[in-house]
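Enquirer: Could you use the hints to bring the two separately framed chains together as a complex?
Below, each chain spelled out in residue letters.
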Amino acid sequence: MTGLRGLDLTQQLILLLAALVLFTSFVMLAQSRLVGLVRVFAWQGVLLAVTTGLVAHVSGHAHLYISALLTLFLKGLLIPWILHRLVIRLGLERKREADANRTLVQLGGASLVIFSYYVALPAVQLSTLFTRNTIAVSLAVVLLGLLLMIVRRKAVSQVVGFMSMENGLFFAAVVATYGMPMVVELGIAFDVLVAAILFGVVFLQIRASIDSLDVDRLNRLNESEP
Amino acid sequence: MSWALALMQTALFVAGAPLLAGWIKRVKCRLQNRRAPPVTQPYRDLVRLFRKELLLPEESSWLFRAAPYVIFGAMVLAAAVVPLVALRLPTAEIADVIVLVGFFALARFFQALAGMDIGTAFGGMGASREMTIASLAEPALLMAVFTLAMSAGTTDLSVAIERILGSGLVIRPSFVFAFFGLLLVAIAETGRIPVDNPATHLELTMIHEAMVLEYSGRHLALIEWASQIKFMIYAVLITNIFLPWGIAMGFGAGALALGAAAVTVKLAALAALLAVSETLLAKMRLFSVPQFLGFAYLLCLLGMLSHVILEVGG
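Residue numbers (the working numbering), protein chains in the order written: chain P, 1 to 226; chain E, 227 to 540.
Bound conformation, chain E alone (with noise of 0.2 Å):
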């Protein structure tokens, strides 16, 4: 039983991150001015590259073509760990945090080196580039995951939101620079404004992008898919984490009714305001990112602090 809802669990995940992808697209769109594609266009850009040919370059070895389902395993696998409507779900007792952030690096591996397999200098450049980034969130993100676990005693996701939930309103310091930094994480990790534009195909600026230039059909689908899932994992982190409140403790379908609309009320909130503050930021120069990455560190070390400091003492 409980199996059967961490499947179905998976398989939201997987299926809703599109949606996810597509409501953030026309939020960013009215407040631009434009006229937005529906909600369900992500969807259809995947059916249309799954069905499109498949092109190889000649150069390519296997790990060019192993890479797009490595990728995009982690990612079904990460959102397997993550909470989303309900807590104890075996998946999640199985795997806790510290796996998940081990999944994203994985993934990152593969696709920094199906770029570089190519041979061509736009896949050297970003597989380069993204392992900067990487190299200075990860830390970053690893820090607000211990500030986390230091508050809840653990880190297990599952058990940690549960710890949260039962402590009812506190206010924590530590938990509003965490929130913050992994904010800045998420946006960083994902290829957001101010730190990447996923729209773009400037050579000087693109980061994701350079690294998946050459690939197409089903390949291209896999991989835009996992990008998709590995921004709504960030969101449902963030949501879940910082906010539980209707997260679903038991199995009743009355409780996995609320929290599934608790949940989607809770993304669409988040995204709408990543949709404002993309509109209201420019794309960053690449050389700023390590000083954007260092505050996000920054916040995430004085969660930390704060924690040792105003909250275990007394």
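Looking at chain P on its own, in the form it has when it is part of the complex (with noise of 0.2 Å):
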């Protein structure tokens, strides 16, 4: 609480939205879904720029708006709609998707949390920023982006779960060290958004030649039905 108290509401609001968006990605790990998915993948897009924004307000660094602005339209609204338009096209919008047990994967992505706690610690030592306490979160979202890749089957949630990777370390960028240089930072967004395109034709890909988005079927040599 003492933490908390020295810190003006702008400031605790930072934290707050910062909880938000680790929550945002247990949501995605529990939404079984397609469209569900990328909903919530827009929402954490829609909090993270709202973040930036803040962060860009209480530091004074101009450049942060612009990169505020960029995840908003980009993550928030620009590849959401592809993925979400891709999902409808591929048909996918009522499939649920068999994962393994939802519980148990939720209290792994929970220790995954107090791991990127117990790393980030060190890290946290040596800043002076008041967003410092968040860099754990940051690293959380990435791991747990990255479990939603290993849970998940269907191609088009891997996207996602990358996706959210690269969120998280948008946001380590932004909390840890008020962002990268802008030139960094434009190229990351476009080759995002290069990626959610070429994606898409990747999934076209797939379905022509195993008539399905489960990954899983890769592994298969042979071509006798399952």
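The set of hints was computed from the structure by calculation and includes no laboratory data. These numbers were taken from a predicted model, which means no experiment stands behind them. Note that beta-carbon positions come from the ideal geometry of N, C-alpha and C, so glycine has one too. Treat the hints with care, since some could be wrong.
Said to hold, decoys possible - Pairwise CB distance ranges (calculated):
#1 P/R153 x E/V538: 36 to 46 Å
#2 E/I324 x P/L104: 23 to 33 Å
#3 P/L107 x E/K509: 22 to 32 Å
#4 E/N259 x P/A123: 54 to 64 Å
#5 P/L104 x E/T505: 49 to 59 Å
Expert: Now the structure itself:
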């Protein structure tokens, strides 16, 4: 409580939003419908953009406003829209994904949060920014994205997990050092956009060759039916 | 003086619980375009049940007869622990919030025993379902309690609320998570939609009702009253922990009146919110209740983690 009371309301709000970004990662793990997954991913992008905007407001770094707008436009609107359209086009909007034991996966996610807290402790002690405590949160978002990629079988969910990992990295850059240089950030943002489009092409290719987006089928070498 | 106030607060708690139930029913009826019963309808139902003849199943033992009194007694004692209008009452200092969870467990234990005592299929089935839900809800409840205790540095409800009030308006991420987690636990534990539907007697779905199916007369009245008190305890816990403003710090008449008015408004608002959610949601399958409670547990766990990660260091 002592740590929080030294901050003003905007700074407390940033911490709350950071916690909500972490929460959306858990909701993604729990979400079994692809359309819902894409929607939660969009919310994560929006929350990330708002957090970045608030950090820009508090720290006075004007370039962070630009990355906040870029995040809102790319990760909150454009990429989710592309993914949503892909899901509709592939006819997957009504499919539920049967994955591993969901409660177990979520508890695994919680232990990943504890692990990233433990790992980030030394880095936290070196920093003097008020956002230093959220470094652990951003690391946890990266690891949870990885977990999502591991437990899901559908290629679309794996791409969402990948994009969510990128969200975590961006978040880490914002809270740990108030953002990367503008050129790097622009480069990464457009890389991610290109990746989203390329993944769409790959989805269509995968479906054309194995008639499904279940990547486990790629392990089979013969052509007999399962 | 303070003991008299504590007794009065407990009496107010016990007497006010049916009113809260009636209010929820009324809001819900309005939302669903039905004609609403008066707010005092639960009192009339209780009076009617108390007057009715008591019928006992042939196979029942003393346990079946004792259980309603144990359940009601546990709930009244639990209500005495929770600060409703004023803080620093002697009853709140005797027992902390973990004892409160213990009272709930005691009442649940006897209810399940009474359900199994008569040896009917429904009783056993209801008892087993209730225990399944409770075994998942209780860890989440305790985790929410620990989040509160870690933030306030105590498990004593009265002191904790005082410290939260004393620190002014602080946005705590852990409290946001604990609030929603506790809300889900409360819905599951008090048998509201979407976990259970207290208004149905369909054998496939009922949980709580299946256990009390054989009760009649004053026994049934006591059990119904106890479950109304339990609901009110959860509602008061949620409102007074997370929105403590207005609660009386001293024992002056003005402060007490303000505390009573504040808690009435807060409870009415929370109940209206619940009525809206009950109107919007459909009852879920029994087999998806573990997922629902797993989510509640996750929320409370995230509350705890975000307290450790975001709020302590620094």
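Enquirer: Does the hinted range 23 to 33 Å hold for E/I324 and P/L104 at CB?
Expert: Because 28 Å falls inside the window, the suggested range holds.
Enquirer: Given a hint of 49 to 59 Å, does the C-beta separation of P/L104 and E/T505 actually sit inside it?
Expert: 34 Å, violated
Enquirer: Given the range 36 to 46 Å, decide if the beta-carbon distance of P/R153 to E/V538 lies inside it.
Expert: 39 Å, holds
Enquirer: Taking the beta carbons of P/L107 and E/K509, is their distance inside 22 to 32 Å?
Expert: 27 Å, holds
Enquirer: Tell me if the beta carbons of E/N259 and P/A123 are separated by a distance inside 54 to 64 Å.
Expert: With a Cβ separation near 58 Å, E/N259 and P/A123 satisfy 54 to 64 Å, so the hint holds.
Hint 5 alone, counting from the list given before, is not met by this structure.
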